[in-house]
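Q: Going down the list, the sequences are from chains A and X. Counting along the first sequence from 1, when you hit position 88 you're at 88 in the working numbering, and nothing is skipped either side. Counting along the second sequence from 1, when you hit position 113 you're at 113 in the working numbering, and nothing is skipped either side.
Hints are computed from structural coordinates only; laboratory data are not their basis. Cβ coordinates follow ideal geometry from the N, Cα and C atoms, glycine included. Possibly wrong hints are sitting among the right ones.
[Unchecked claim] Residues of chain A placed beyond 10 Å of chain X at every Cβ, according to the derived structure:
id: 1; residue: Asn-7
id: 2; residue: Glu-15
id: 3; residue: Arg-17
id: 4; residue: Ile-18
id: 5; residue: Thr-26
id: 6; residue: Thr-45
id: 7; residue: Lys-56
id: 8; residue: Asp-59
id: 9; residue: Arg-61
id: 10; residue: Leu-66
id: 11; residue: Asn-67
id: 12; residue: His-72
id: 13; residue: Val-78
id: 14; residue: Ser-85
id: 15; residue: Leu-114
[Unchecked claim] Quick list of simulated restraints, FRET-style, between CB atoms:
id: 16; chain 1: A; residue 1: Ile-18; chain 2: X; residue 2: Glu-14; range: 23 to 29 Å
id: 17; chain 1: X; residue 1: Thr-115; chain 2: A; residue 2: Thr-45; range: 21 to 27 Å
id: 18; chain 1: X; residue 1: Ser-53; chain 2: A; residue 2: Lys-68; range: 30 to 36 Å
id: 19; chain 1: X; residue 1: Glu-14; chain 2: A; residue 2: Ser-51; range: 42 to 48 Å
id: 20; chain 1: A; residue 1: Gly-83; chain 2: X; residue 2: Glu-20; range: 21 to 27 Å
id: 21; chain 1: X; residue 1: Ser-62; chain 2: A; residue 2: Gln-2; range: 18 to 24 Å
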Amino acid sequence: DQQVKQNSPSLSVQEGRISILNCDYTNSMFDYFLWYKKYPAEGPTFLISISSIKDKNEDGRFTVFLNKSAKHLSLHIVPSQPGDSAVYFCAASARSSGSARQLTFGSGTQLTVLP
Amino acid sequence: GAGVSQSPSNKVTEKGKDVELRCDPISGHTALYWYRQSLGQGLEFLIYFQGNSAPDKSGLPSDRFSAERTGGSVSTLTIQRTQQEDSAVYLCASSLTRQGALGSPLHFGNGTRLTVT
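Just need the whole structure built from these sequences, with the hints factored in.
A: As structure tokens, then:
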């Protein structure tokens with residue numbers, strides 16, 4: 001049972017245009033969401049996060065939107081640059097008993113920004 | 001460097017052999033995680049260490065998998081009697097505090113690509 005779903009395995013966008021990466025989740029207990037970016041042969045790197053008390057968080061060219069009622073979040077990159085080409089993972093976590101929070105990851109979306 | 005270091009970067013082993021994967025977290029990071037990514041899949045949680053607390057082993061797929069963290073720093077993931085389905089990229093990550101605390105995202109190493117033939 002996939003609790004975090006990224007239904008688009010790939011996305012191609014022209015340089016300078018907006019990239020929109022989507023993520024859906026099923027667990028209503030999730031209250032913290034993150035996006036990670038991964039280049040080939042490297043580990044994922046943290047990009048941006050959002051708490052469930054917000055519906056938008058912006059950091060430079062990257063904005064994450066959260067729609068709790070739809071259990072949906074999206075990452076907007078504008079303007080897109082060729083260096084943004086990578087696999088983007090959506091991740092979510094829930095406050096749970098004990099000291100640990102586990103991140104549940106989606107399967108990733110390969111973004112290709114065409115020059 | 002100051003990042004999470006994993007070794008080896010690649011490991012090819014024969015089915016049935018044991019393997020050990022090593023992770024050196026960022027100095028001062030108290031939380032350490034192991035994930036794996038199989039082909040075409042997302043990252044799958046395996047095990048979590050936080051300070052001196054008992055590890056959260058809830059993600060280990062079978063009793064052939066074990067991990068330890070010595071002295072609160074270096075961690076070793078051991079897979080006994082490897083099977084072909086164990087082939088994956090094994091990623092280690094650390095964070096300054098317990099994962100999920102706002103402002104404390106995971107820092108990943110580059111992973112170990114394990115191939116079981």
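Q: Does each hint fit the structure? Answer for all of them.
A: Evaluation of the provided hints:
Residue-level check passed: Asn-7(A) sits 12 Å from the nearest beta carbon of chain X, beyond 10 Å. At roughly 27 Å, the least C-beta separation between Glu-15(A) and chain X is larger than 10 Å, which holds for a residue marked as non-interface. Annotated as non-interface, Arg-17(A) keeps its C-beta farther than 10 Å from every C-beta of chain X; the closest such distance is 26 Å. In this structure Ile-18(A) is separated from chain X by more than 10 Å, as the shortest Cβ-Cβ distance comes to about 24 Å.
Every CB of chain X is more than 10 Å from the CB of Thr-26(A) (nearest about 14 Å), matching its label as outside the interface. At the 10 Å boundary, the C-beta of Thr-45(A) falls inside the reach of chain X, the nearest C-beta of that chain being 7 Å off. Every CB of chain X is more than 10 Å from the CB of Lys-56(A) (nearest about 16 Å), matching its label as outside the interface. For Asp-59(A), the condition that its CB be more than 10 Å from all CB atoms of chain X holds, with the nearest at approximately 12 Å.
Listed as a non-interface residue, Arg-61(A) keeps its Cβ farther than 10 Å from every Cβ of chain X; the least gap is roughly 18 Å. The non-interface label for Leu-66(A) is consistent with chain X: the shortest C-beta to C-beta separation is roughly 14 Å, beyond 10 Å. Even its closest Cβ contact with chain X, about 20 Å, leaves Asn-67(A) beyond 10 Å, as expected for a residue assigned away from the interface. With a least CB separation of 17 Å from chain X, His-72(A) remains clear of the 10 Å interface cut-off, as annotated.
Annotated as non-interface, Val-78(A) keeps its C-beta farther than 10 Å from every C-beta of chain X; the closest such distance is 22 Å. With a minimum CB-CB distance of about 18 Å to chain X, Ser-85(A) clears the 10 Å threshold, and the non-interface call stands. Interface exclusion of Leu-114(A) from chain X stands, the closest Cβ pair being 23 Å apart, more than 10 Å. Taking the beta carbon of each, Ile-18(A) and Glu-14(X) are about 48 Å apart, not inside 23 to 29 Å as hinted.
Taken as a hint, the range 21 to 27 Å holds for the pair Thr-115(X) and Thr-45(A), whose Cβ atoms sit roughly 25 Å apart. A hinted range of 30 to 36 Å for the beta carbons of Ser-53(X) and Lys-68(A) is consistent with their spacing of about 31 Å. Separated by about 47 Å at the C-beta atoms, Glu-14(X) and Ser-51(A) satisfy the suggested range of 42 to 48 Å. Evaluation of the 21 to 27 Å hint for Gly-83(A) and Glu-20(X) yields a failure: the beta carbon distance comes to about 36 Å.
Judged by the Cβ atoms, the range 18 to 24 Å given for Ser-62(X) and Gln-2(A) holds: they are separated by roughly 21 Å.
The structure does not agree with the numbered hints 6, 16, 20 stated previously, though it agrees with the rest.
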